[in-house]
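> Now for the letters of each chain:
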Amino acid sequence: MTAAAFAPMPIPPRAGVGLKPEHYAAILDTAPDIGWFEIHAENYMGAGGPPHRYLTAIRDRYPLSLHGVGLSIGAARPLDKDHLRRLRALNERYQPGLFSEHLAWSSHDTVFMSDLLPVPYNEETLARVADHVDEVQETMGRRMLLENPSTYVAFEASTMSEIEFLKGVVRRTGCGLLLDVNNIHVSATNQRYDAVDYLDAFPIEHVGEIHLAGYAPETDDNGDPLLIDAHDRPIDPLVLRLYERAIARAGAVPTLVEWDNDVPDWPTLFAEAERVEHVLRPARRRSEERSLAVAV
Amino acid sequence: MSQTMKTLTMSALIGAVGAAMATFAVPASAAEEAAMEKCYGVSLKGQNDCAAGAHSCAGTSTVDYQGDSFKLVPAGTCTSMETPLGPGSLTPIERGA
Amino acid sequence: MPSLSEVQAAFSAAIFDPAAAPPRGVVGPDRRPAPRRFGVYRNNVVSALGNAIAGSFPAVRRIVGEDFFRAMARAYVLAEPPISPVLLDYGTTFPDFIAGFAPAASLPYLHDVARIERLWRESYHAEEAPALAPDALASVPEDELPRIAFSLHPSLRLARSRYAALTVWRMNATDEPVTPVDISAAEDALIVRPGAEVEVRKVPPGGAAFVTALAAGETLLAAAETAQAADARFDLAGNIAGLLAAGALRDIRRA
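Chains as they are written, first to last, in our numbering: chain A, 1 to 296; chain B, 1 to 97; chain C, 1 to 255.
It is worth saying that the hints were derived from the structure and are not from the lab.
If you're wondering where the values come from, they're calculated on a predicted model, not measured in any experiment.
Each statement offered as a hint is correct.
Listing some non-contacts, in silico: residues in chain A with all C-beta distances to chain B over 12 Å:
{"hint": "1", "residue": "P8"}
{"hint": "2", "residue": "A31"}
{"hint": "3", "residue": "P32"}
{"hint": "4", "residue": "N122"}
{"hint": "5", "residue": "T139"}
{"hint": "6", "residue": "R142"}
{"hint": "7", "residue": "A157"}
{"hint": "8", "residue": "I163"}
{"hint": "9", "residue": "K167"}
{"hint": "10", "residue": "R172"}
{"hint": "11", "residue": "G174"}
{"hint": "12", "residue": "L238"}
{"hint": "13", "residue": "D265"}
{"hint": "14", "residue": "R285"}
{"hint": "15", "residue": "R286"}
List time: in silico DSS-like cross-link candidates among lysine-lysine, alpha-carbon distance up to 30 Å:
{"hint": "16", "chain 1": "A", "residue 1": "K81", "chain 2": "A", "residue 2": "K167"}
{"hint": "17", "chain 1": "B", "residue 1": "K45", "chain 2": "C", "residue 2": "K202"}
{"hint": "18", "chain 1": "B", "residue 1": "K45", "chain 2": "A", "residue 2": "K81"}
Quick list of the computed label-pair ranges, beta carbon to beta carbon:
{"hint": "19", "chain 1": "A", "residue 1": "E92", "chain 2": "B", "residue 2": "V42", "range": "19 to 29 Å"}
{"hint": "20", "chain 1": "C", "residue 1": "R160", "chain 2": "A", "residue 2": "Q137", "range": "39 to 49 Å"}
{"hint": "21", "chain 1": "A", "residue 1": "P203", "chain 2": "C", "residue 2": "A102", "range": "51 to 61 Å"}
{"hint": "22", "chain 1": "A", "residue 1": "D197", "chain 2": "B", "residue 2": "V42", "range": "44 to 54 Å"}
{"hint": "23", "chain 1": "A", "residue 1": "K81", "chain 2": "C", "residue 2": "D135", "range": "41 to 51 Å"}
The C-beta atom is built at its ideal place from N, Cα and C for all residues, glycine as well.
Produce the complete structure using the sequences and hints provided.
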């Protein structure tokens, strides 16, 4: 089956949601007014079949963002060339408006662990991650966004902050950043630093996309709060407030609601996207007024 | 192998193909094919979603992770299918079949 | 200071060894060892991979029950973690693992049911291709018929079993109540996705040998002889019609 080439569709500064098979039918039947969808690339790496049939129909109607969860950019080992080729093939086939991956690792030797594992922040890791981001961008022929992680542990081997590390990657590779505001709250709580300070120091001018999600509260070895990046419930009000602060700094940025576990029905997910739109709409208006003022 | 067998004559083969063709006397209509095109198939959940947030994938973040829990006995529908070997049972396995 | 490679080697080793302490240098914000924090990663990995297996083998899961399945899946994940980040490919060896998994030996058909589920998944994700039109053979001159061969549909899979694995699978592929099964009746299943839907059929006598021979590139005549030798009840006309109706063939190749 030779797929018709899709016309490029940039991701608008609106709310989007992670595309779940549970919602394929509702989306195609009701054509909801939503800005865009994002897929986990690895779920569409089969050769054919229903996943591609649905995705093709949805990509016909909506802008699409491609989000990898298995490239293991933070691994010491070289990138998996086969996997990189699969990503490039998806990128060419569906012409997504954005492509992103994580500051994390998930493969060691020949084993894939299916989790976003943390890296120590130091010069050695920075050099490795920058090399990998370069390789991704060269292979894909496009700029990528790198996402700040949720972390549960720290490394004695770390010599710099996460922000310094991300700034270093951007400086060396020219990549953009995917700002996950839920991850800020989760990591700040878990690592005992201030989420607002982190956000205010974040190189916001490089942010091309924002993620929001729900987290699960747990406790650590001392009985103190430990938050888990669970993607299984609504966005926490604290995270939404942090998001407002991010948008106040950045202006309207495409923002994704991630809900990957205990996936709710479509109206519930759509309502969650509406919570985000409440923040984005005025920001879009402000930037329209600004550009109007410049034009006058 | 087929050289020595010669169980099938050419005419038997031609006859069989003819008989097979006869079952398709009415070709599939264009309308049927068009209807097929609209069908996307069963939508199965993706397998790569846990990495993006695994807490409920985990059930709990604490370690639910016994190294050895094989005192378990199969206890699903196998017990009601009542196979000739008896319902699934465990404990020291001597493979009987 | 340990290298990144050393950090990750220690980290992944501890992930897959439940008895291991967290790797050195992995700490909480108080710079002290934090086994409970590390346990989040350990549990995420084992659970995420176990969930991938659970999602791919729903009938096996229903047959053995949730507790047994989870224990078996966990054993598999620790013994054979995935090598590819594409988890829709994970579990290819799970049927073989079940065959050698002692606690499941009381259900000798179980690994064949798992094989049907695995091949069903492969068919689901297989390359798209039009199936051979049922009337395509009509355009082949009679004297050429014995020498033609077929390329098979890329979604075609064959699951052979000494047991009634197909009946057991079918009964457990939905939530419908099960009924007693005589598992001793051997069944072969033909799995194919000519369009959007995966379809599963019971293969008639000799049919599995016929399909296997065609898949190996044998001519129609040779494959028919192979099938008849495998099972005297083999019905050539019925099998040709069945494969065409199933959309199991892709193209006619002339030798």
